[in-house]
Amino acid sequence: MSSRRSRISEEEITELISKLQSLLPETRRRGASRASAAKVLKETCNYIKSLHREVDDLSDRLSELMATMDVDSAQAEIVRSLFRS
Amino acid sequence: MAISNAEGDPATGNEGGGERKRKRRADPPVAKWRTEGEQKTYSSKLIEAIRRVRRSSAAAATDHSRSRAVRAAADRALAVAGRGRTRWSRAILSGRKLKLWVRARACRRKPLGSITAASASHTTPKSKPPTLERKARVLGRLVPGCRKLPLLTLLEEASDYIAALEMQVRAMSAIAEILSAAGAATAEPM
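Residue numbers (the working numbering), protein chains in the order written: chain A, 197 to 281; chain B, 1361 to 1550.
Just so you know, not all the hints are guaranteed correct.
[To be verified] Derived pair list, reagent style DSBU-like, types lysine-lysine, alpha-carbon separation capped at 30 Å:
hint: 1; chain 1: B; residue 1: 1400; chain 2: A; residue 2: 245
hint: 2; chain 1: A; residue 1: 235; chain 2: A; residue 2: 215
hint: 3; chain 1: A; residue 1: 235; chain 2: A; residue 2: 245
hint: 4; chain 1: A; residue 1: 215; chain 2: B; residue 2: 1508
hint: 5; chain 1: A; residue 1: 235; chain 2: B; residue 2: 1495
hint: 6; chain 1: A; residue 1: 215; chain 2: B; residue 2: 1495
Quick caveat, the hints were computed from the structure, so don't treat them as lab data.
Take the sequences, apply the hints, and build the full model.
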């Protein structure tokens, strides 16, 4: 698969870049509609890294919590609250 | 907010422009990761997985290995929720050992002929290729199974992956809240 970047329209890439940009929390707040593709890529990488870190922290917390308690009754509680909201 | 429920057919009304030639990839709708139903399904599956982890790692497991097991279970459940429509979800499900093996191969091949021998560092300075390409490579390393994708596909995968990760964080936070609240409740003498 050779790099056919010239054949794929710039439009499609710009479209995807702005879609990606709309997912990033920063831009959602500021409402800026145009940022360079490089900046968006960099923000995306940083965002994914921070999400990974959050998931790791949450895994730590969950593994701690589940070690110290009775999961069965907790599960009943969770199911109840999941279906309540 | 038009959310196309892409259960059976590929998402059609996503962008509105009919000029895109759709080869074989259906654009996975990102909005589904925001729905409550999806999060609830994921939460119940995750809880089941955590119970299994707890049962299998009886006493000898260290905190770190348990945490890693939870993380792996969470990622697998997330990939299953993706329903195999995206590369990143298929890559997670096909096994993490595969990822290490592929990385070892790529290091030996050295596609861009860079001079530095240290292939282990993530931020190998490359001044030759344009900035965009360099950043795209970093992104490709972050999203599972997307190392050598063309930019277009990579951007699509990244959008879906980010939305999925956000849901994962929301679901895990909610579960942690409930567990810690339930733990505090059961700790008090009735």
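Restraint check for residue 235(A) with residue 1495(B), where alpha carbons must lie at most 30 Å apart: Holds. Residue 235(A) to residue 1495(B) sits at ~9 Å (cutoff 30 Å).
Pair hint outcome, residue 215(A) versus residue 1495(B) [Cα-Cα no greater than 30 Å]: 17 Å, holds
Distance restraint between residue 235(A) and residue 215(A), which requires alpha-carbon spacing of 30 Å or less: 14 Å, holds
Satisfaction of hint between residue 1508(B) and residue 215(A), Cα-Cα up to 30 Å: 21 Å, holds
Proposed proximity, residue 245(A) with residue 235(A) (alpha carbon, max 30 Å): Since the Cα atoms of residue 235(A) and residue 245(A) sit roughly 15 Å apart, the hinted pair holds (cutoff 30 Å).
Hinted pair residue 1400(B) and residue 245(A), Cα distance within 30 Å: 25 Å, holds
When held up to the earlier numbered hints, the structure conflicts with none and fits them all.
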